[in-house]
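Student: Given only the sequences and the hints, what does the whole structure look like? Please build it.
Here is how the chains run, residue by residue.
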Amino acid sequence: MVITIYILAAIVCAALPFVIRRKGVAAVSTFCFVAFQLFFSGWALFNKGVTVAGFFTADALGLLMLSCLAIVVLPTTIHSGLYLREDRADASSCSIYAASYVLLIAALSLGYLSNHIALTWVFTEVTTLSAAMLIYHHRNRQALEGTWKYVFVCAISVTFVFIGILLISLSLLHAGSSDLSYESLALHAAALDGFWLKLGFIFIVVGYTAKMGLFPMFTAGIDAKDNAPAPIAALLASVLVNLGFVGIYRTYSVVSATPLCSWSRVLLTVLAFITLFVATAYMLRVRNIKRMLAYSGIEHMAIVTLGIAAGRVGCYAAILHIVMHTFVKSGLFLHFNQLYRVFKSKMADAMGGYFNYYPFGAMVLLLGVVSIVAVPPSGLFVSEFMIFKAMFGAGHFALLALALILLTVLIWAFVRNFLKIIFIPLPQDNLPSAVRISPWESVTQLLLFAVAIYIGYAAPPAVMELIGEAAAFVR
Amino acid sequence: MTDIVLIVFLMTLLYMAIANRMRSYVKILAVQGVLLFVVAVLQLKEMNAFNLVWILLETLAFKSVAVPAVLLHTINRNHITREAEPFLPHFVSLIITALIVVGSFLLAEMINDSFLDKTFFVAAVSAIFFGLYFIASRRKLLSHVMGYMVIENGVTVLALAVGNEMPLLINLGVMLDIFASVLILGIFINKIGDVFRDADVEDLTELKD
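So the sequences go chain by chain: P and F.
Position in the first sequence (from 1) plus 28 gives the number in this note's numbering.
Position in the second sequence (from 1) plus 192 gives the number in this note's numbering.
Among the hints, erroneous ones may be present.
[Stated by the list, open to error] Stretch by stretch, here's where chain F covers chain P in the computed footprint (C-beta under 8 angstroms, at least three residues):
| no. | segment |
| --- | --- |
| 1 | 118-127 |
| 2 | 181-189 |
| 3 | 461-474 |
[Claimed, not checked] Just a few of them, taken from the derived set where beta-carbon distance is under 10 angstroms, the chain F residues facing chain P:
| no. | residue |
| --- | --- |
| 4 | V294 |
| 5 | S306 |
| 6 | L324 |
| 7 | I327 |
| 8 | L333 |
| 9 | H336 |
| 10 | I376 |
[What the hints assert, rightly or not] Here are some chain F residues the structure puts well away from chain P; computed CB gaps all over 10 angstroms:
| no. | residue |
| --- | --- |
| 11 | D195 |
| 12 | I196 |
| 13 | Y207 |
| 14 | S216 |
| 15 | V223 |
| 16 | T266 |
| 17 | T273 |
| 18 | P278 |
| 19 | V284 |
| 20 | I381 |
Treat the hints as calculated values from the structure; they're not laboratory data.
By construction, the Cβ of each residue, glycine as well, lies at the ideal position given by its N, Cα and C atoms.
Tutor: So, in structure tokens, the structure goes:
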């Protein structure tokens with residue numbers, strides 16, 4: 029019942045601004061939808077484990093991701109409003125922005141809660157559509173190039189996931205069932221046909237890497253985050269990535285109950301290492317701040333994948349990591365707009381001495397940088413440490429050493445650029461003109477970073493319990 | 193009978209590897225749509241009438257009429273040159289395509305499965321990998337779109353193979369087809385064509401690291 033109302037509300041709130049192209053309509057329907065989203069998340073939290081409409085279950089993983097979305101959606105909505113005002117967007121592009129924004133959030137929520145392998149896939153497809161409209165917001169050549177690459181790569185990856193589902197359905201036919209819900213797959217895990225499951229798992233993982241940001245399909249996401257408005261990039265780099273993770277993790281939890289478990293861990297580890305290597309290589313040469321943040325997201329997803337490949341303890345740490353990453357990364361992307369307004373550029377070379385122009389913002393950015401590179405007091409430090417401990421416990425010493433070396437290089441490249449932006453003044457001849465930014469705009473990011481630290485060091489028992497339950501999906 | 197149709201489907205892939213006009217590709221895609229229609233008629237005997245009509249309509253009306261018509265319209269309106277400008281000579285293309293087909297046969301030999309007809313598997317896997325190769329080896333953006341359509345056709349073949357047991361998946365496959373094609377072609381016709389005209393991959397190099 030609630031889910032039907034939620035879907036109807038999403039459709040109405042997305043259709044209204046699309047039909048009536050007025051700024052007021054766009055604002056009102058977005059705010060109504062966000063209010064509804066919060067209500068829906070709250071309802072789901074109080075109805076843990078309940079299955080509604082047959083296809084949506086409020087299980088631990090879904091609830092965690094839904095709560096992350098509910099927390100991130102508030103600041104991104106505020107900053108979307110600020111962004112559109114600053115950008116002097118016309119009524120038509122405001123309306124399309126609002127409609128796609130609502131559609132994206134609704135598709136994400138429903139994707140998290142889907143208990144059917146095909147339904148997760150359907151909502152992933154819907155996020156491609158809505159994200160493409162948002163990436164194209166600026167309607168210039170670069171935005172078009174980014175959108176085209178994103179749509180094309182996502183179309184291929186979505187097709188890959190579908191092939192994977194077809195192959196897994198073949199594997200399930202051997203077990204004498206045709207019910208493709210995760211529950212039924214887990215129930216028949218022992219009788220699934222190994223060959224088809226193997227092939228299907230490869231296709232599904234490769235397909236979802238486009239959303240999660242792992243090798244081989246990560247490229248689309250980088251261009252998308254570079255070209256999308258910063259509040260949208262914040263969503264793409266955090267909650268959309270989580271949907272890719274949910275897709276991979278739920279399938280992995282089925283595979284982990286079969287004899288293919290250790291094979292699937294090798295596959296995930298290999299993908300994670302190639303990703304980590306690629307992220308390090310690019311981080312050394314990229315000068316564009318937004319792309320740097322996007323590559324940092326890829327690095328964190330590689331760490332998360334290493335975590336889930338390291339067994340039960342690793343899964344706990346990986347889910348904790350992805351939850352905190354959601355807050356920190358979205359905060360950094362939201363801060364990008366303030367940085368951009370001071371320096372009028374995306375390039376690290378044109379930025380410097382941020383402390384002199386906007387001290388409060390510089391402090392927030394510094395906290396964000398410390399948080400994202402997982403140095404204490406960052407919450408990510410806790411989870412990253414746990415992941416490495418899990419790898420150590422699993423006996424992967426050489427892999428661990430390699431990962432730590434790559435991470436050291438990557439963090440050096442990342443921090444070098446950001447410390448320059450914050451502390452080292454620009455040469456006298458190209459100083460930016462003074463811009464006044466209200467410190468209130470940076471408060472939202474400060475809160476997001478604070479939430480990550482809070483969860484890292486003093487997580488409420490309820491959250492830890494949820495993470496523990498989600499980690500227990502994997503045998 | 194389905195075997196013959198699927199082998200003709202494989203032959204269209206080989207022809208696509210050596211054809212060098214954009215219009216030939218469009219025609220091949222239309223023919224593939226018709227072939228899929230025939231396969232669907234022969235294969236889906238256990239499906240209920242409403243569902244069957246819906247799938248047949250998709251293969252015939254959408255795949256072999258609507259999509260080719262839109263592609264032709266795009267070629268004409270944007271004055272896209274006739275030549276496909278592949279990166280590799282046709283001879284090499286043909287060899288690679290043949291290797292893909294042979295590889296799929298070898299892969300199919302490993303399978304001993306009562307639920308899946310091997311010919312379906314060979315046709316589907318060949319089409320999927322041929323589509324990927326086609327995308328990688330052509331310069332024009334519109335031929336990338338066509339390569340994607342070939343992948344879609346391969347997926348449809350695979351979905352038809354399990355269609356009797358899993359009608360849900362066949363419907364989802366149809367949905368994927370329509371959704372992705374409309375999304376990709378929609379962007380192409382509305383935007384890329386206007387901005388980049390005779391677009392090829394060299395135009396899309398602004399975003400890089």
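Student: Each hint should be assessed against the structure and marked as holding or not.
Tutor: Okay, the hints, checked on the actual structure:
1. Figure legend: the segment 118-127 of chain P, annotated as covered by chain F; annotation inconsistent (0 residues with Cβ-Cβ distances under 8 angstroms, at least 3 required).
2. Requiring three or more residues with a Cβ within less than 8 angstroms of a Cβ of chain F, the coverage given for the segment 181-189 of chain P holds, as 4 such residues are present.
3. Beta-carbon proximity to chain F at under 8 angstroms applies to 0 residues in the segment 461-474 of chain P; the threshold of 3 is not reached and the given coverage is violated.
4. Taken as an interface hint, V294 of chain F does not check out: its beta carbon lies about 19 angstroms from the nearest beta carbon of chain P, beyond 10 angstroms.
5. Hint status for S306 of chain F: holds, given a least beta-carbon distance of 9 angstroms to chain P, under 10 angstroms.
6. A distance limit of 10 angstroms between C-beta atoms decides the matter here; for L324 of chain F the minimum to chain P is near 8 angstroms, and the interface restraint holds.
7. For I327 of chain F, the interface hint holds, the least distance from its beta-carbon to any beta-carbon of chain P being 8 angstroms, beneath 10 angstroms.
8. The criterion of a C-beta within 10 angstroms of any C-beta in chain P is met by L333 of chain F, whose closest approach is roughly 8 angstroms, and the hint holds.
9. Interface restraint check: H336 of chain F against chain P, minimum CB-CB distance 7 angstroms, threshold 10 angstroms, status holds.
10. The closest approach between the C-beta of I376 of chain F and any C-beta of chain P is roughly 6 angstroms, which is under the 10 angstroms cut-off, so the hint is satisfied.
11. At the 10 angstroms boundary, the C-beta of D195 of chain F stays outside the reach of chain P, the nearest C-beta of that chain being 19 angstroms off.
12. For I196 of chain F, the requirement that its beta carbon stay farther than 10 angstroms from each beta carbon of chain P is met, with the minimum near 23 angstroms.
13. The beta carbon of Y207 of chain F sits about 23 angstroms from the closest Cβ of chain P, which is more than 10 angstroms, so the claim that it is off the interface holds.
14. Under the 10 angstroms C-beta cut-off, the non-interface status given to S216 of chain F relative to chain P holds; the minimum distance is some 22 angstroms.
15. Listed as outside the interface, V223 of chain F is consistent with that label: its C-beta sits roughly 21 angstroms from the nearest C-beta of chain P, beyond the 10 angstroms cut-off.
16. Interface exclusion of T266 of chain F from chain P stands, the closest Cβ pair being 14 angstroms apart, more than 10 angstroms.
17. Annotated as non-interface, T273 of chain F keeps its C-beta farther than 10 angstroms from every C-beta of chain P; the closest such distance is 20 angstroms.
18. Once the 10 angstroms rule is applied to beta carbons, P278 of chain F is consistent with being away from chain P; the minimum gap is 18 angstroms.
19. The claim that V284 of chain F is not at the interface with chain P holds, since no C-beta of that chain comes within 10 angstroms of its own (minimum 23 angstroms).
20. The non-interface label for I381 of chain F is consistent with chain P: the shortest C-beta to C-beta separation is roughly 12 angstroms, beyond 10 angstroms.
Taken one by one, the earlier hints fail for this structure at numbers 1, 3 and 4, listed in ascending order.
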